[in-house]
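Engineer: Can you build the whole structure from these sequences, using the hints too?
The sequence shown begins at 1188 in the working numbering and counts up one residue at a time.
Rather than coming from a laboratory, the hints here were simulated on the basis of the structure.
Mixed in with the good hints, there may be bad ones.
Claimed, not checked - Label-pair distances were calculated between CB atoms; the ranges are: (1) Arg-1203 to Leu-1224: 19 to 29 Å; (2) Tyr-1210 to Asn-1238: 11 to 21 Å; (3) Lys-1220 to Ala-1191: 21 to 31 Å; (4) Pro-1242 to Lys-1220: 32 to 42 Å; (5) Asp-1211 to Ser-1234: 28 to 38 Å; (6) Ala-1191 to Val-1216: 34 to 44 Å; (7) Glu-1194 to Ala-1231: 31 to 41 Å; (8) Ala-1214 to Ala-1237: 14 to 24 Å; (9) Leu-1224 to Gln-1200: 24 to 34 Å; (10) Leu-1224 to Glu-1204: 27 to 37 Å.
All C-beta atoms in this analysis are idealised placements derived from N, C-alpha and C, irrespective of residue type, glycine included.
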Amino acid sequence: MPIARFEEIEAWQAARELSQAIYDATAQVSLSKDYGLRDQMQRATVSIMANIARPVK
1188 MPIARFEEIE AWQAARELSQ AIYDATAQVS LSKDYGLRDQ MQRATVSIMA NIARPVK
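Structural biologist: See the structure below:
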C-alpha cells in the first residue's frame, strides 16, 4: 500500500517521539547550558525525521 504522507511512516513517528524526548532532556538544567551539545542533539533528531520523510514526495 502506498504511503500518502510521511507522517504515516512508523519510523518517522518513532523519530518524532525520540525528537520530543531529546528536546525535553536538553531542556533540563544540566544540558540547557551546554549550547553546542544541546543544539547538535536537537539538529540530529530533526535530521533523522527529514531523512525518513525525504523519499515520500
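Engineer: Against each hint, give a clear statement of whether it holds in the structure.
Structural biologist: Outcome of the hint check:
With their beta carbons about 21 Å apart, Arg-1203 and Leu-1224 fall inside the hinted range of 19 to 29 Å. The supplied range of 11 to 21 Å is met by Tyr-1210 and Asn-1238, whose beta-carbon atoms lie about 18 Å from each other. Take Lys-1220 and Ala-1191: their Cβ atoms lie about 42 Å apart, and the range 21 to 31 Å is violated. For the hinted restraint 32 to 42 Å between Pro-1242 and Lys-1220, the CB-CB distance of approximately 37 Å keeps it satisfied.
Between Asp-1211 and Ser-1234, the C-beta spacing of about 18 Å breaks the proposed range 28 to 38 Å. For Ala-1191 paired with Val-1216, a C-beta distance near 42 Å keeps the hint of 34 to 44 Å intact. For Glu-1194 and Ala-1231, the hinted distance range of 31 to 41 Å is not satisfied, since their beta carbons lie about 20 Å from each other. The hint said 14 to 24 Å for the Cβ distance between Ala-1214 and Ala-1237, and at roughly 22 Å that hint holds.
In this structure the hint that Leu-1224 and Gln-1200 lie 24 to 34 Å apart at CB holds, the actual value being about 26 Å. In this structure, Leu-1224 and Glu-1204 break the distance hint of 27 to 37 Å, their C-beta atoms being roughly 21 Å apart.
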